[in-house]
Amino acid sequence: MTLYLDNAATTPVRPEALEAMAPYLTRFFGNPSSHHEVGEAAASALDDARARVAAVLGMRAGDVMFTSGGTESNNAAIKGIVLGSGKKHLVTTAIEHESVLASADYLARLHGVDVTRAAIDGAGTLTPAALADALRDDTALVSIGYANNEVGTIQDAAALAAVAHARGVPLHLDAVQAAGWLALSGTGADAITVAGHKIGAPKGTGILAVRGRLPFEPLLHGGGQERGRRSGTPDVAGAVAIARALELAEAERSDEAVRVSALRDAFVARVLALVPGARVTGHPEHRLPGTASFVFPGTNGETVLLELERRGVVSSSGSACAAGSDEASHVLLALGIAHDDARTAVRFTLPHGLTASLEPVADAVAAAVSAVGSRG
Numbered sequence: 053m054t055l056y057l058d059n060a061a062t063t064p065v066r067p068e069a070l071e072a073m074a075p076y077l078t079r080f081f082g083n084p085s086s087h088h089e090v091g092e093a094a095a096s097a098l099d100d101a102r103a104r105v106a107a108v109l110g111m112r113a114g115d116v117m118f119t120s121g122g123t124e125s126n127n128a129a130i131k132g133i134v135l136g137s138g139k140k141h142l143v144t145t146a147i148e149h150e151s152v153l154a155s156a157d158y159l160a161r162l163h164g165v166d167v168t169r170a171a172i173d174g175a176g177t178l179t180p181a182a183l184a185d186a187l188r189d190d191t192a193l194v195s196i197g198y199a200n201n202e203v204g205t206i207q208d209a210a211a212l213a214a215v216a217h218a219r220g221v222p223l224h225l226d227a228v229q230a231a232g233w234l235a236l237s238g239t240g241a242d243a244i245t246v247a248g249h250k251i252g253a254p255k256g257t258g259i260l261a262v263r264g265r266l267p268f269e270p271l272l273h274g275g276g277q278e279r280g281r282r283s284g285t286p287d288v289a290g291a292v293a294i295a296r297a298l299e300l301a302e303a304e305r306s307d308e309a310v311r312v313s314a315l316r317d318a319f320v321a322r323v324l325a326l327v328p329g330a331r332v333t334g335h336p337e338h339r340l341p342g343t344a345s346f347v348f349p350g351t352n353g354e355t356v357l358l359e360l361e362r363r364g365v366v367s368s369s370g371s372a373c374a375a376g377s378d379e380a381s382h383v384l385l386a387l388g389i390a391h392d393d394a395r396t397a398v399r400f401t402l403p404h405g406l407t408a409s410l411e412p413v414a415d416a417v418a419a420a421v422s423a424v425g426s427r428g
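When you read off a place in the sequence shown, starting at 1, and then add 52, the result is the number in our numbering.
Calculated directly from the structure, the hints in this document are not laboratory data.
Where is the CB? At the ideal position from N, CA and C, for every residue including glycine.
Check before you lean on any hint, since a few could be wrong.
Stated by the list, open to error - Restricting the straight-line Cα-Cα distance to at most 20 Å, the calculated cross-link-like pairs of lysine to any residue (SDA-like) are:
| # | residue 1 | residue 2 |
| --- | --- | --- |
| 1 | Lys255 | Thr62 |
| 2 | Lys139 | Val167 |
| 3 | Lys139 | Gly264 |
| 4 | Lys255 | Arg219 |
| 5 | Lys140 | Thr62 |
| 6 | Lys140 | Ala154 |
Said to hold, decoys possible - Label-pair restraints from in silico Cβ distances:
| # | residue 1 | residue 2 | range |
| --- | --- | --- | --- |
| 7 | Arg265 | Glu361 | 45 to 55 Å |
| 8 | Gly91 | Gly364 | 43 to 53 Å |
| 9 | Asp157 | Ala210 | 21 to 31 Å |
Just need the whole structure built from these sequences, with the hints factored in.
Rendered as structure tokens:
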């Protein structure tokens, strides 16, 4: 039986989310913009989903829009807020998800926006002092990941928001990996991104919440849905599903974090004890409960993954968005890890609901690394 430990890439759909969305694929199929009984039933469900999401995020219902996922939400947040501001400076870091970095590059190429990648330390932490150094009078936005998608390092969002706000700059928080593990309210963020398939909703569902006071230039133009911020007929069923999944993830969050963290710590300790030269990447303490990422110098990460799969363990070498690339992870390189070592990376991301010891997985890791290393 295969053990799936690549939950940062995607998660199975929760039965409760499927059950919640099913009526809006069949009986209540109306267009929520239609002014008749069928459409109004769909509109009511959409409004309810929006209010449920807002409650988890600590924002207003009117701030919440539904998208196709994390990539769209990050693109819309960064481009929408920067272009809406009329300012020409964006602050991010070198360890962000590809959708953030590519959006920043787009703004630089086509709109003359100056992009600053604020300094991070070797654990991937952005300190308030480093952020303060990166800010300017013409800064339009700070965009950072709440928790890194490859190494799991958690940023002190509230402290960073305070620094940005002191200079009158809004903060966008990419919470795609953080949702379900960390509190999403009380962060001080002015915009928050969530992806449904990371928390048990279907792929193709997402959330972007942007506080209503912020000027925002939409990416999609048309009928003016989502208060003019995202035109197009809303996916009512998807909105209902992601709202339900987010509520469930939030309700379970504290207990899950404590239990899974303990299982992860025991797993990390055993891997380090069994595998000579193995190193943990990311922050040793301030990391997502479900993330354990390593480099195994002297091996090849992709080959280790194949050996692990032969032993019934599915994991990854980093972001699924860069899977199959021969290039070393941009995140690991930015942390100062040598190129050759970065190519030996393996990431294990654990599921909610995990209760079993990961001791057999650690033993499989040791066997896989030994098998790869013995081939020279």
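Results for each hint:
1. Lys255 with Thr62: Distance of about 8 Å is within 20 Å: holds.
2. Lys139 with Val167: Holds: Lys139 and Val167 sit about 12 Å apart, inside 20 Å.
3. Lys139 with Gly264: Measuring from Cα to Cα gives roughly 18 Å; hence the hint holds.
4. Lys255 with Arg219: Given that 20 Å is the threshold and the Cα spacing comes to 37 Å, the pair is violated.
5. Lys140 with Thr62: 35 Å, violated
6. Lys140 with Ala154: Holds. Lys140 to Ala154 sits at ~16 Å (cutoff 20 Å).
7. Arg265 with Glu361: 45 to 55 Å: At 49 Å between Cβs, range holds.
8. Gly91 with Gly364: 43 to 53 Å: 49 Å, holds
9. Asp157 with Ala210: 21 to 31 Å: This hint holds: roughly 28 Å between Cβ atoms.
Taken one by one, the earlier hints fail for this structure at numbers 4 and 5, listed in ascending order.
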